[in-house]
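Per the numbering used here, the very first residue in the sequence shown carries number 1; after that it's consecutive.
Derived by calculation from the structure, the hints in this document are not laboratory data. For glycine and all other residues, C-beta sits at the position ideal for the given N, C-alpha and C.
Here are the simulated DSS-like pairs of lysine-lysine, each with C-alpha atoms no more than 25 Å apart in a straight line:
id	residue 1	residue 2
1	K98	K44
2	K72	K92
3	K114	K44
4	K55	K44
5	K113	K55
6	K114	K55
Using C-beta positions, here's what the derived DEER-type ranges look like:
id	residue 1	residue 2	range
7	K187	E118	38 to 46 Å
8	A93	K55	16 to 24 Å
9	T77	C120	54 to 62 Å
10	Q132	P190	21 to 29 Å
11	F60	S134	50 to 58 Å
12	K55	Y192	48 to 56 Å
13	A93	E39	34 to 42 Å
14	F60	L115	20 to 28 Å
15	H168	I199	28 to 36 Å
16	L135	E200	18 to 26 Å
17	A93	S53	12 to 20 Å
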Amino acid sequence: MAPKTDPSPISYLECSCAHLDATVCSNTEEDLYYFGIQELSSTKSSIQQEVESCKQRLLFIDRRIPELEAEKKVAATTRNFKEAARLAAEAKALCVEKEEIQMKMDSTESELKKLEEEICHTIDRMQETEVQISLKEKELAMARFQRLILIARAARAERSAALELGDHEEAEALMAEADAAEVEASKLQPIYNFNEEEIENLPKLFISSELVSRLGGKQLAELAASANLVAS
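Can you make the complete structure from the sequences, with help from the hints?
Here it is in structure tokens:
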């Protein structure tokens with residue numbers, strides 16, 4: 001009877017990769033934050049322009065009211081009461097407008113402050129999301145890295161079995177598969193600073209299932225006692 005083995009690490013890692021892929025790819029929260037910040041910034045810009053326009057209007061009113069008062073006095077002195085009344089009405093209207101603008105500016109500045117706080121809060125949340133995505137991406141890369149290592153080791157084990165059985169064509173194909181997996185794994189190493197030797201619980205010795213089926217009970221027991229075998 002062949003030794004009982006754990007579920008294939010490669011299959012497990014394939015499931016992990018699929019789960020992490022879905023987590024990273026389906027996470028559109030970062031994009032939503034980005035567009036939210038753009039919209040908030042656009043609103044902030046519009047409010048700032050409105051505030052600046054109000055300030056310019058107040059400057060005009062503050063300059064114009066004394067002028068109207070002076071012109072009204074001249075008109076009254078010359079007994080041009082109709083003109084004096086018109087100038088007084090204009091000055092009064094500007095005073096009313098000034099009060100309305102000041103009230104509007106107080107409300108707008110309060111709104112602007114809240115908007116800036118919301119922008120800062122949104123940026124903080126976006127940065128937190130970026131960190132989480134980065135961690136997920138590294139976790140995904142590690143799962144892929146481990147999977148590639150396992151594929152390479154399993155392919156080499158199958159190649160050894162193919163050579164023992166005299167299937168040189170299959171052995172060459174398996175060697176190419178192992179080499180390709182190792183090349184892909186080597187590309188991930190410098191990006192994420194992965195070290196194959198530091199990965200725990202990663203089987204180092206594989207044996208072909210074809211070869212297992214040809215071994216006797218004693219040989220299988222010896223293999224099981226000597227290493228943590230994973231049937232490839």
